[in-house]
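What follows is each chain in one-letter form.
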Amino acid sequence: MIEIRGIHKSFGDQKVLNSITATFEKGKVNFVIGRSGSGKSVMTKCIVGLLEPDEGYVLFDGRNFTSMSLKDRKEIRKEIGMLFQGSALFDSMTVSENVRFPLMMFSQMTEEEMDIRVQHCLKRVELEGSPDKLPSELSGGMKKRVGIARAISMNPKYLFCDEPNSGLDPQTAIVIDKLIIDITKEYGMTTVVISHDMNSVIEASDTIHFLHDGEVAWAGENSEMMITDNDRLNDFVYASKLMKRMRPKK
Amino acid sequence: MGVIFHIGRYTQFIRAVLRKPDKWAMFRKLLMSELNIIGVQSIGIVVLLATFMGAVMCLQTAHQISGWIPVYTIGFTVRQTMILEFSPTLIPIILAGKVGSNIASQLGTMRVTEQIDALEIMGVNSRGYLVLPKIIAGLVSIPILVIFSMFLGIAAGAGIAYITGVSSMTDFKYGIQVDFKTYDVIYALIKTSIFALIMTSVSAYHGYHTEGGALDVARSSTKAVVYSAVIIMVSNLILTQILL
Numbered sequence: 447m448i449e450i451r452g453i454h455k456s457f458g459d460q461k462v463l464n465s466i467t468a469t470f471e472k473g474k475v476n477f478v479i480g481r482s483g484s485g486k487s488v489m490t491k492c493i494v495g496l497l498e499p500d501e502g503y504v505l506f507d508g509r510n511f512t513s514m515s516l517k518d519r520k521e522i523r524k525e526i527g528m529l530f531q532g533s534a535l536f537d538s539m540t541v542s543e544n545v546r547f548p549l550m551m552f553s554q555m556t557e558e559e560m561d562i563r564v565q566h567c568l569k570r571v572e573l574e575g576s577p578d579k580l581p582s583e584l585s586g587g588m589k590k591r592v593g594i595a596r597a598i599s600m601n602p603k604y605l606f607c608d609e610p611n612s613g614l615d616p617q618t619a620i621v622i623d624k625l626i627i628d629i630t631k632e633y634g635m636t637t638v639v640i641s642h643d644m645n646s647v648i649e650a651s652d653t654i655h656f657l658h659d660g661e662v663a664w665a666g667e668n669s670e671m672m673i674t675d676n677d678r679l680n681d682f683v684y685a686s687k688l689m690k691r692m693r694p695k696k
Numbered sequence: 009m010g011v012i013f014h015i016g017r018y019t020q021f022i023r024a025v026l027r028k029p030d031k032w033a034m035f036r037k038l039l040m041s042e043l044n045i046i047g048v049q050s051i052g053i054v055v056l057l058a059t060f061m062g063a064v065m066c067l068q069t070a071h072q073i074s075g076w077i078p079v080y081t082i083g084f085t086v087r088q089t090m091i092l093e094f095s096p097t098l099i100p101i102i103l104a105g106k107v108g109s110n111i112a113s114q115l116g117t118m119r120v121t122e123q124i125d126a127l128e129i130m131g132v133n134s135r136g137y138l139v140l141p142k143i144i145a146g147l148v149s150i151p152i153l154v155i156f157s158m159f160l161g162i163a164a165g166a167g168i169a170y171i172t173g174v175s176s177m178t179d180f181k182y183g184i185q186v187d188f189k190t191y192d193v194i195y196a197l198i199k200t201s202i203f204a205l206i207m208t209s210v211s212a213y214h215g216y217h218t219e220g221g222a223l224d225v226a227r228s229s230t231k232a233v234v235y236s237a238v239i240i241m242v243s244n245l246i247l248t249q250i251l252l
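Taken in order, these protein sequences are the chains called H and Z.
Residues are numbered in our numbering as their position in the first sequence, beginning at 1, plus a constant of 446.
Residues are numbered in our numbering as their position in the second sequence, beginning at 1, plus a constant of 8.
Honestly, I wouldn't trust all of these hints.
Claimed, not checked - The calculated SDA-like cross-link candidates involving lysine to any residue, where the alpha carbons are at most 25 angstroms apart (straight line), are:
#, chain 1, residue 1, chain 2, residue 2
1, H, K491, H, R563
2, H, K524, Z, V186
3, H, K520, Z, F35
4, Z, K37, H, T556
5, H, K524, Z, E128
6, Z, K37, H, F552
7, Z, K37, H, S553
8, H, K517, Z, F84
9, H, K517, Z, Q68
10, Z, K31, H, R563
11, H, K524, Z, V55
Unchecked claim - Partial selection, computed: residues in chain H whose CB lies under 7 angstroms from chain Z:
#, residue
12, M514
13, K517
14, K520
15, R523
16, L549
I should point out that these hints are in silico values taken from the structure, not numbers from a laboratory.
None of these values were measured; they are calculated from a predicted model.
Glycine included, each C-beta is placed from N, C-alpha and C at the ideal position.
Just need the whole structure built from these sequences, with the hints factored in.
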């Protein structure tokens, strides 16, 4: 479980996060949604320690990540997997080298054990046939799958996905969503997904936090989102014509 | 204010770079790769520059000496110019253009495509992992390239003197031996090592702190070359005053 408590973050005079408090549960796919510029990415960066919050703290299963020393943070980071918006695969490495990288850096595995783990992870994302390809030779969906394989290679307790479906066609997006749901249940991870793709939110989320102007404007279960009275959330959810048609009649 | 900010951030950057590598096996692998990129792949440009500079230096000196100035001055001038200034200062400045821009654009691209963030989230000290092998490779390979360019420049001077007949080989050979001080070579290598450190670390600093997109990567690359060259020139003056 990840708990964030009273996080504030400003850049100069611009307040981006204003007392954010949220809980992301273990074994669930927890979505953070909101308009562009609402503070989703900054919040994620504060959680994983790429940015330091001005106030507040983050707990990873009760361990205060914000006040930890760099050495202790490093141990927690080994338990974190992250799928980036642009996949962030290492250009100079092949698919299998990308997946192998965290194992080489931090595990005590032998070469053979690493080979087995890499094959397992690639098979899990259905990419066992492309271990020697370079990232530049992959499609957007394949890159995302390699990103997921790399993220799960160290058996993480926590998985963060930043806009996992951006730039993907609807069918590939569904494949990625399903993969995120499956590995979350399979590994019992705490998964946090940043997204503004409503199709993904409906398909894959267990819990949802809606950010507006740097504050959590609504939080609840997937089933509650479609019937909420929160005007800001409704404006966001039913912004498209398709979603308007799907809106339940009162 | 800006200068103080950059000095502070550069100091923090170097402190993080100099931390013990997370995995020595990975460090050795990256070091070998960087030795190839910074050292081996720069041999061509060093050969070209040193050869032509040595030859031109020989012809220019021959053009200027007449009457009472002995002919062996040609060999002497070529040697002194190559050892004291051309090889230890100009070669690193030229390499700042080639190697420095390469380092800055590589790190800048990794930054804007979130590859550096990916390393940090995994728990890797990204500055140490990416930058330390480049600095060590620069400190090892650039002095070797500079020594090589000294020999090559003097040999090219001798070659052109022989071909054009501006000096006999006996005079040239006497010129490159007369009043030779080993300290001049030591001075040159001290300068080179410091310039190699400046070139690799300043370029890495600019690349690592790139913010934005493709245009900003290009800007970082330009900054890396310009700042490296300026700092090398200023350091050259200070070091010359201190060491000679």
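May I ask you to test the interface hint for R523(H) with respect to chain Z, counting a Cβ-Cβ separation under 7 angstroms as satisfied?
4 angstroms, holds
For K517(H) and F84(Z), compute the direct alpha-carbon distance and say whether it is at most 25 angstroms.
57 angstroms, violated
Is K524(H) close enough to V55(Z), meaning Cα to Cα at most 25 angstroms?
47 angstroms, violated
Can the hint on L549(H) be confirmed by a CB-to-CB distance to chain Z that is less than 7 angstroms?
11 angstroms, violated
Does R563(H) lie within 25 angstroms of K31(Z) when you go C-alpha to C-alpha?
Between K31(Z) and R563(H) the Cα gap is close to 19 angstroms, so the pair holds against 25 angstroms.
Can the restraint linking K37(Z) and F552(H) be considered satisfied, given a maximum Cα separation of 25 angstroms?
Judged against 25 angstroms, a Cα distance of about 16 angstroms means the pair holds.
Starting from K517(H), check that the Cα of Q68(Z) is at most 25 angstroms away, please.
Cα-Cα ~60 angstroms, so violated.
Take a quick look at whether K524(H) and V186(Z) sit within 25 angstroms of each other, Cα to Cα.
Given pair K524(H), V186(Z) is violated - Cα atoms ~63 angstroms apart, limit 25 angstroms.
Have a go at the M514(H) hint: is there a Cβ in chain Z nearer than 7 angstroms to its own Cβ?
12 angstroms, violated
Between K524(H) and E128(Z), does the CA-CA distance stay at or below 25 angstroms?
Holds, because 10 angstroms separates the two Cα atoms, which is no more than 25 angstroms.
Does the alpha-carbon distance linking K37(Z) and S553(H) stay inside the 25 angstroms limit?
17 angstroms, holds
K520(H) as chain Z interface residue, shortest Cβ-Cβ below 7 angstroms:
4 angstroms, holds
Figure legend: structure checked against the earlier numbered hints; hints not met, in rising order: 1, 2, 8, 9, 11, 12, 13 and 16.
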